[in-house]
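One letter stands for each residue in the lines below.
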Amino acid sequence: MAMDSAKRGEIMELAKQQIAVANAQELLSKMTQRCFKKCVNKPGSSLDSSEQKCISMCMDRFMDSWDLISRAYGQRLQREQQNQ
Amino acid sequence: MSDFESDLPSNDRELQEFMMIEQQKAKVHEQIHEFNEICWEKCIGKPSNKLDSATETCLTNCVDRFIDTSILITQRFAQILQKRN
Chain L
1 MAMDSAKRGE IMELAKQQIA VANAQELLSK MTQRCFKKCV NKPGSSLDSS EQKCISMCMD
61 RFMDSWDLIS RAYGQRLQRE QQNQ
Chain U
1 MSDFESDLPS NDRELQEFMM IEQQKAKVHE QIHEFNEICW EKCIGKPSNK LDSATETCLT
61 NCVDRFIDTS ILITQRFAQI LQKRN
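Chains as they are written, first to last, in full-length UniProt numbering: chain L, 1 to 84; chain U, 1 to 85.
Hints may be right or wrong, so weigh each one.
Computed spacing ranges between beta-carbons, pair by pair [as the list claims (entries may be wrong)]:
(1) L:Gln-25 x U:Leu-81: 36 to 42 Å
(2) U:Thr-74 x L:Lys-16: 31 to 37 Å
(3) U:Gln-16 x L:Ala-24: 39 to 45 Å
(4) U:Asp-52 x L:Lys-16: 31 to 37 Å
(5) U:Thr-74 x L:Ser-50: 41 to 47 Å
(6) L:Asp-4 x U:Ala-78: 34 to 40 Å
(7) U:Leu-81 x L:Gln-33: 32 to 38 Å
(8) L:Lys-7 x U:Lys-25: 33 to 39 Å
(9) U:Thr-74 x L:Gly-9: 26 to 32 Å
(10) U:Leu-72 x L:Ser-5: 44 to 50 Å
(11) L:Lys-16 x U:Asn-49: 31 to 37 Å
(12) L:Ser-46 x U:Cys-58: 17 to 23 Å
(13) L:Arg-8 x U:Gly-45: 46 to 52 Å
(14) U:Ala-54 x L:Asn-23: 40 to 46 Å
DSBU-like, lysine-lysine: derived pairs with alpha carbons at most 30 Å apart [as the list claims (entries may be wrong)]:
(15) U:Lys-27 x L:Lys-7
(16) L:Lys-53 x U:Lys-42
(17) L:Lys-37 x U:Lys-42
(18) L:Lys-37 x U:Lys-83
(19) L:Lys-42 x L:Lys-53
(20) L:Lys-30 x L:Lys-16
(21) L:Lys-38 x U:Lys-50
(22) L:Lys-30 x L:Lys-42
(23) U:Lys-42 x L:Lys-42
(24) L:Lys-30 x U:Lys-27
(25) U:Lys-42 x U:Lys-25
(26) L:Lys-53 x L:Lys-30
(27) L:Lys-42 x L:Lys-16
(28) L:Lys-30 x L:Lys-7
(29) U:Lys-42 x U:Lys-83
(30) U:Lys-50 x L:Lys-30
Derived coverage of chain U by chain L (criterion: at least 3 residues anywhere in the stretch with Cβ under 8 Å from a Cβ of chain L; other residues may be distant) [claimed, not checked]:
(31) 19 to 33
(32) 42 to 49
(33) 66 to 75
Think of the hints as simulated: they come from the structure by calculation, not from any bench. By construction, the Cβ of each residue, glycine as well, lies at the ideal position given by its N, Cα and C atoms.
Next up, chain L with everything else stripped away, as it sits in the complex (with noise of 0.2 Å):
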């Protein structure tokens, strides 16, 4: 039995919605690693003033970067199809 069109637009939504936490989630956490590894090379009793300096550029450059990997990533994509 299928099921009518608003239960399953609203089963839709709920995904798109999971996997958009879930993405979220994991650029949170590889960008934390990443930029702790980067920034904090000694760890203090705190973080100091240029490490949170740090953090910040990291944090804007990971995610330039990330979009500039998915524009290069999909440009192969369509490549590799059009060579197909």
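Position chain U against the provided structure of chain L, taking the given hints into account.
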């Protein structure tokens, strides 16, 4: 994702198709996360105010060369396996 899918009625084609496409998209996203980690390590020194063009080129090339490497290794590995049999 997979337990979510098993709850769906199996005869609902539209929903099945939707889930398949979303899974594909999730796979692509997962791949981008992986590339971003690998290429970040290769191309980024100290984070600065913006990505300079050399870094941008490095990141773009990194994705393509990683895929080339993956294809090359897969092919050569297949050859090695064939020779052994």
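Those earlier numbered hints the structure runs against, lowest number first: 3, 6, 8, 9, 12, 14, 18, 27, 28, 29, 33
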